[in-house]
Amino acid sequence: MKARKDEFPILTSQRLVYLDTAASSLTPKRVIEKMNEYYGEYPVNVHRGVYALSHRATEQYTNARQTIADFIGAAFEEVVFTRGASSALNLVALTYGAQHLNSGDEVIVSELEHHSHVLPWQQIAKKTGAKLIYVPLAKDGRITVEAFKSVLTDKTKIVALTHVSNVMGYVTPLEEIIPLAHEKGAIVSVDAAQSAPHMPLDVKQLDADFLAFSGHKMCGPTGIGVLYGKRALLEGLEPLEYGGDMNDNVEKDGGTWKDTPYKFETGTPPIAEALGLAEAIHYLSSIGFDTVRAHEHALFKRALAGLRTIPDITVYNPEADTGIVNFNIDGVHPHDAVSFFDEDHVALRAGHHCAQLLIKWLAVPATLRASFYVYNDERDVDTFLDVVRRARDFFKEIGF
Amino acid sequence: MHQLENLYRQIIMDHYKHPRNKGLKDDPTYQTRRIKNPSCGDDVTIQSKVVNGIVKDVRHDGSGCSICCSSASVLSQRMKDETVDDALALVDDYLTMIINKDKKLNEALDDALAYQGVRDFPARVKCATIAWKAFADTLKKG
Numbered sequence: 002m003k004a005r006k007d008e009f010p011i012l013t014s015q016r017l018v019y020l021d022t023a024a025s026s027l028t029p030k031r032v033i034e035k036m037n038e039y040y041g042e043y044p045v046n047v048h049r050g051v052y053a054l055s056h057r058a059t060e061q062y063t064n065a066r067q068t069i070a071d072f073i074g075a076a077f078e079e080v081v082f083t084r085g086a087s088s089a090l091n092l093v094a095l096t097y098g099a100q101h102l103n104s105g106d107e108v109i110v111s112e113l114e115h116h117s118h119v120l121p122w123q124q125i126a127k128k129t130g131a132k133l134i135y136v137p138l139a140k141d142g143r144i145t146v147e148a149f150k151s152v153l154t155d156k157t158k159i160v161a162l163t164h165v166s167n168v169m170g171y172v173t174p175l176e177e178i179i180p181l182a183h184e185k186g187a188i189v190s191v192d193a194a195q196s197a198p199h200m201p202l203d204v205k206q207l208d209a210d211f212l213a214f215s216g217h218k219m220c221g222p223t224g225i226g227v228l229y230g231k232r233a234l235l236e237g238l239e240p241l242e243y244g245g246d247m248n249d250n251v252e253k254d255g256g257t258w259k260d261t262p263y264k265f266e267t268g269t270p271p272i273a274e275a276l277g278l279a280e281a282i283h284y285l286s287s288i289g290f291d292t293v294r295a296h297e298h299a300l301f302k303r304a305l306a307g308l309r310t311i312p313d314i315t316v317y318n319p320e321a322d323t324g325i326v327n328f329n330i331d332g333v334h335p336h337d338a339v340s341f342f343d344e345d346h347v348a349l350r351a352g353h354h355c356a357q358l359l360i361k362w363l364a365v366p367a368t369l370r371a372s373f374y375v376y377n378d379e380r381d382v383d384t385f386l387d388v389v390r391r392a393r394d395f396f397k398e399i400g401f
Numbered sequence: 004m005h006q007l008e009n010l011y012r013q014i015i016m017d018h019y020k021h022p023r024n025k026g027l028k029d030d031p032t033y034q035t036r037r038i039k040n041p042s043c044g045d046d047v048t049i050q051s052k053v054v055n056g057i058v059k060d061v062r063h064d065g066s067g068c069s070i071c072c073s074s075a076s077v078l079s080q081r082m083k084d085e086t087v088d089d090a091l092a093l094v095d096d097y098l099t100m101i102i103n104k105d106k107k108l109n110e111a112l113d114d115a116l117a118y119q120g121v122r123d124f125p126a127r128v129k130c131a132t133i134a135w136k137a138f139a140d141t142l143k144k145g
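Taken in order, these protein sequences are the chains called A and B.
Counting from 2, one number per residue, gives the positions in the first sequence under the numbering used here.
Counting from 4, one number per residue, gives the positions in the second sequence under the numbering used here.
Hints were generated in silico from the structure; no laboratory data involved.
Built from N, CA and C at the ideal position, the CB exists for glycine as well.
There may be inaccurate statements among the hints.
Said to hold, decoys possible - Keeping only pairs whose Cα atoms sit at most 27 Å apart, straight-line, the calculated DSSO-like set for lysine-lysine is:
#: 1; chain 1: B; residue 1: Lys20; chain 2: A; residue 2: Lys361
#: 2; chain 1: B; residue 1: Lys143; chain 2: B; residue 2: Lys106
#: 3; chain 1: B; residue 1: Lys129; chain 2: A; residue 2: Lys397
#: 4; chain 1: A; residue 1: Lys361; chain 2: B; residue 2: Lys39
#: 5; chain 1: B; residue 1: Lys20; chain 2: A; residue 2: Lys397
Unchecked claim - Going by beta-carbon spacing under 10 Å, a handful of chain A positions derived as facing chain B:
#: 6; residue: Ile311
#: 7; residue: Pro312
#: 8; residue: Phe396
Chain A with its partners taken away, still in its complex shape (with noise of 0.2 Å):
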């Protein structure tokens, strides 16, 4: 496929070679405008004012909605909006799992997840006695089929594993392991921030319980995210926050809640955001999830054949099946390297990436990452070595 750097507004207004896709990805042009369209001509409250204005906001905010549902495969009442992969990931434990587990029980994760799969379920596991289980990541830092059989117990009652780590680009084998945990009964929660965006996903194939993903990782704007539930599962949650709009009836003593998705949604929801994050999926889509991931994967082969040419390079993650490369210059810091990247319009990133559980098993302080999406190309790539190159001889030079 061609890159889309025009349909992207920051990439025609300055020299960027934006390599940072993981962290938070560009915004195109029509997503802007979508946005900007709910402002500009019906910037009201949904699911409350009993006119025409309103009544238009609550129908581009119920599509948005079914695109969502649609482009994973989902129930309308099955997609929960929060307000960002990291909340919605928050709301599992925070309901899920403190209202399931118990003492005694088995929690599987993994040292690859973000900060926000891993942070939640040792604080429920620290509240209700239940057990956090790791998942003895493979040589490269993989989780394996067989890996994850020698933990998975009959005192396991819910996996939480990402389906895409955001530092060393690996797809986790969680069509394996999905039936295996149902076997034993235990439900699965998906990370999936890092694969919504760049490769076709259907929850229902998957047999995902939970799943969670980010707008602002997929051309869509920050403060939205997106919780799949299965609907048995969500119908019998609690909700997490209480007010207007999710309950049905509010009586002295108490209330009655609203069906799901609504009884946890309460408050003004981003509307603006939901239209956005609606119009990134169906730019995306244009393209086609199979073109941005074939698409991205030919930008990381052709970055990591050239770093192999350079010496002193240290690639954590050569087999990686998206498009994130994960690497230092050896005896520099990622962040003094990054600060060459900058001078030279190269948007890296430098540090632990949220995920100081793998940094630690990878037995490195930082490390640093780039990441391709649809608006890079070879010549990015190129600039990208270029910099290397240079940066590496930079820092050898004066004494690294």
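Starting from the known structure of chain A, fit chain B onto it as the hints suggest.
Showing chain B alone in chain A's frame:
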């Protein structure tokens, strides 16, 4: 690339490669403060020993990028034998130098003047300042 070359001048590289006063003391007469920057992994601990209102020793340890580690070393050398008031004033002047371009430089900062280049790299301000902030905290504790 001139700006980055300026930043990594001799002083910074020297202190990064050969840190002075590195390693902590197991001594209760030292005040200790540890600051971490969770986004990049910088992790600095500073100790100071004050006798009769004079900074007699500064120790540091930790891990991080060259700017962070070297600035702790430069600090530990520069602050020795300053009064607590003068030391805190120097910290203020150092932080001002890094954050505010328009203010006049205090030449008394000496080797620490090497860090004025950090102004051109706003994303690195944290790296250059955590050791100095931790040091100020140790004095305020004591």
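Here is how each hint holds up against the structure:
About 24 Å separates the Cα atoms of Lys20 (chain B) and Lys361 (chain A), which keeps this hinted pair within 27 Å; it holds. Using a Cα cut-off of 27 Å, the hinted pair Lys143 (chain B) and Lys106 (chain B) holds, with the two alpha carbons roughly 25 Å apart. The straight-line distance between the Cα atoms of Lys129 (chain B) and Lys397 (chain A) is roughly 24 Å, inside the 27 Å bound, and the hint therefore holds. For the hint pairing Lys361 (chain A) with Lys39 (chain B), the CA-to-CA distance comes to about 16 Å; that is within 27 Å, so the pair holds.
As the CA atoms of Lys20 (chain B) and Lys397 (chain A) are separated by approximately 13 Å, the hinted pair is consistent with the 27 Å bound. Nearest Cβ of chain B to the Cβ of Ile311 (chain A): about 17 Å, over the 10 Å cut. The hint is violated. Taking 10 Å as the C-beta contact cut-off toward chain B, the hint placing Pro312 (chain A) at the interface is violated, the least distance being around 19 Å. Here the hint on Phe396 (chain A) is kept, as its CB sits about 8 Å from the closest CB of chain B, short of 10 Å.
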